[in-house]
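Participant: In order, the protein sequence lines correspond to chains E and D. With numbering that gives the first Met the number 0, the residue at position 224 of the first sequence is 223, and numbering never jumps. With numbering that gives the first Met the number 0, the residue at position 375 of the second sequence is 374, and numbering never jumps.
The set of hints was computed from the structure by calculation and includes no laboratory data. Predicted model only: the values in this text are computed from it and were never measured. Among the clues, some could well be false.
[Said to hold, decoys possible] Looking from chain D toward chain E, a few residues come up when the C-beta cut is under 10 Å (computed): (1) Lys201; (2) Leu202; (3) Leu203; (4) Gln228; (5) Pro256; (6) Gln278; (7) Gly281; (8) Ala298; (9) Leu301.
[Unchecked claim] Derived DSS-like pairs (lysine-lysine); straight-line CA-CA distance at most 30 Å: (10) E:Lys331 / D:Lys400; (11) D:Lys307 / E:Lys190; (12) D:Lys440 / D:Lys377; (13) E:Lys331 / D:Lys201; (14) D:Lys341 / E:Lys331; (15) D:Lys307 / E:Lys120; (16) D:Lys178 / E:Lys190; (17) D:Lys95 / D:Lys341; (18) D:Lys377 / E:Lys331.
All C-beta atoms in this analysis are idealised placements derived from N, C-alpha and C, irrespective of residue type, glycine included.
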Amino acid sequence: MGFFLEVLIGGLLTGVLYSLVALGFVLIFKASGVFNFAQGAMVLMAGLALVQLIEPTYIGLWHFVGIGALVAAVAGLLILRVVRGGTLAAAKGDWRAKLPALVGVGAGLVGGLLALAGGAKGWPLWLAIPAAIAVMVAVAWVVERWVLRPLVNQEGIILFMATLGITFFIDGFSQTLFGSNVYPLNIGLSKDPVFLLENVFEGGILVNQLDISGAIIAGVLVAGLAVFFQKTRIGRALRAVADDHAAAQSVGIPLNWIWFIVWSVAGIVALVAAIVWGSKLGIQFSLTFLALKALPVLILGGFTSVPGAIVGGLLIGAGEKVAEVYFPVVTKFAFGTAMPGGIEYWFAYVLALVFLLFRPQGLFGERIIERV
Amino acid sequence: MDKKTFGLAAMALAGAIGLGGIAAPAFAQNEQFIPILSYRTGAYAPNGIPFANGMSDYYRMINARDGGINGVKIQFEECETGYATDKGVECYERLKAKGPTGAAFFNPLSTGITFALTEKAPVDKIPIITMGYGRSESRNGAVFTWNFPLLGTYWTAANIAMQHIAKEMGGFDKLKGKKIALVFHDSPYGKEPIPMLTEMSKLLGFELVLLPVTHPGVEQKSQWLQIRQQRPDYVLLWGWGVMNSTSVKEAAAVGYPRDKMLGVWWSGAEPDVLPAGDQSTGYKALMLQHGAGKFPVHADMLKFAVGKDGSQTKPDEADDVLYNRGMVNAMLGVEAIRTAQKKFGNKPLTGEQIRWGLENLDLSDARLKELGFEGALKPLKISCTDHEGTRFGRVQQWDGKQWKVISDWYEGDDKLLAPMVRDVSAKYADEKKIAPRDCSKES
């Protein structure tokens, strides 16, 4: 019984971490109806950027100059956007039309020079995290400007294929930019195991502290997202866009700006996932495979539900771990020979498919009824 | 055609011409083409990069120091496989006919790709070198004419690993009733040692617990919770890439002692332990004869190759385990070409001619010393019946900063290995309708 509980708790905690990746998918799907296959690649890019900025084992001085310029330019443009509030749209030919370019280039130059002065020593965590966020915001801008905007009004499958392309681009580009090794990430989270109920079960129930920290971080993130969606103006606009693009546009919600925001938020969620998973596994290419783990979570929880991503993650995490451990026991009982496991990768999909048969929209997904 | 369309067409034409220039480098007639199947991106890149660096730097060094192999320059080209079998086959098809005489040989650096190429090699007449990996039964050259699992197969590795565990426990008789867990990459590579370990478990009376880990190996919680529950006396690790460091981290997470873990020689390099930090201290791994550190040839590598002419190696990485392994692998190929040149002349040779060179490769202690590999390798002699050539290995342990050799040489027990190779290769020959060669008539 103690062992079963240990496997179950371990699975549940891993499931919370799956939810972290699934959340990024849900956010973008909710706001734009795009199934963003690139979420796993975004986790990799965010993680690589962060870890190389903290401890540059691969990148050199010019990388820092470039990222310093990028961070400053992103910050400058965001500040300008907030100050102008989208209300000071200038006519063509007016000097104010050139303001974003001027601010971007000016802030970029200042940032680049500051980074040059700082050298390639690596940045403290308080600077590296915002810088990694800026990198992800820049990715969001590029995606919105160069991929989504030209494809507006296209079929969902076209947009999905576009995100497949983005996935391969980000995978390759981020490794070219930040290296392909396994980079340890240590932000001070304890990795020691703790033993619960030692007086009840022999040896107690082992729980990894890192998994607990990950679950807490995921909880805080979900709470933050809930507030963002429900209580802020941008959050309400996001929900409006999610419900009906055309109606939202007709009441003056700028679609492009909303898409940029939502991809930026997904980038920040990717960074949080990278921090938690990276502390556990090191920052490395295999983080992209987490996207594949998020798929059954989404099928199970529904593509449009934040609580669904959490519950789906818990069910998949616990289900696959229990199945992996007890598969040899079950096969021995059924066939007389214990077959080795190695089933957890596909078992998650089987579990999701079973749910799909009974509840196609997922546990918390919206049931769409189209009347003819 | 309007201006815009004309412009686009002109750009496309210019691009095509430019690409054509890149895609078709001119080969001099006196060059030997050697393809390198590498993986510098993807899940296995941390291990693939140093290996590819070691190989390409060695070819670079031979060209710069000696002007090639007896005057025949080496023309080499990398092809990225990402450790994926389909991409590996694609690379093979793309490169097999390159150069004046086609590819000299292929080093797939993946057991999966090796399985796929094993049936293509006899058709194209190109040898497949699988140093320390691949199909274990391919040691039998009578059946596997084109496969060369030089230096050691996984059955040899499994046998050596059990010898070491038995020695630590006080003898083979002490293994009776013990529990040995195999945590393995759930792929052809990871499954290779199972027949040998199963055979030894029957002979010696230990229980073998099999714990597969799915690709790429970042999810191992279930396996290590089972280890915590079952408490095996030793854990054998058959991982690759990120799976290895994850295993070490998970072992630490469940409190399994690292000095009771023994990895295969593909689980015993710097990228396998460094990501786990202090948690790796005490972890052991087999050595494919050589380890980390410099041997005499490194002086020439640093002088002629490292950091020069397209080399991607940093000087402080030029003696890591996998860099050295890539170098050893390249050296064996170069020496096979040299051997073949003695029979066929100092000119670019075909795959078929180089296959002869591989089968007649004989590296004595004296020759290894001349080549600068003294102390790193045991003498090696390939024959028609034995494409492995030598069956020695050692054990190293990570002390937190570097690998330290902690054992003497072990030799794979041929009383166990030879009958298994004979039986399994005979079965393969039967299935594939291959008539085994009569090795007594080969010269």
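Participant: Now tell me if each hint is right for this structure.
Facilitator: Comparing the hints with the structure gives:
1. Lys201: 15 Å, violated
2. Leu202: Since chain E brings no Cβ nearer than about 21 Å to Leu202 of chain D, farther than 10 Å, the hint is violated.
3. Leu203: 20 Å, violated
4. Gln228: 5 Å, holds
5. Pro256: Given a least distance of 14 Å, the restraint on Pro256 of chain D is violated.
6. Gln278: 8 Å, holds
7. Gly281: 17 Å, violated
8. Ala298: 27 Å, violated
9. Leu301: For Leu301 of chain D, the interface hint is violated, since the closest Cβ of chain E sits about 21 Å away, which is over 10 Å.
10. E:Lys331 / D:Lys400: 44 Å, violated
11. D:Lys307 / E:Lys190: 42 Å, violated
12. D:Lys440 / D:Lys377: Holds, because 28 Å separates the two Cα atoms, which is no more than 30 Å.
13. E:Lys331 / D:Lys201: 20 Å, holds
14. D:Lys341 / E:Lys331: Violated, at about 59 Å.
15. D:Lys307 / E:Lys120: 26 Å, holds
16. D:Lys178 / E:Lys190: Holds, because 28 Å separates the two Cα atoms, which is no more than 30 Å.
17. D:Lys95 / D:Lys341: 24 Å, holds
18. D:Lys377 / E:Lys331: Roughly 45 Å separates the two Cα atoms, so the pair is violated.
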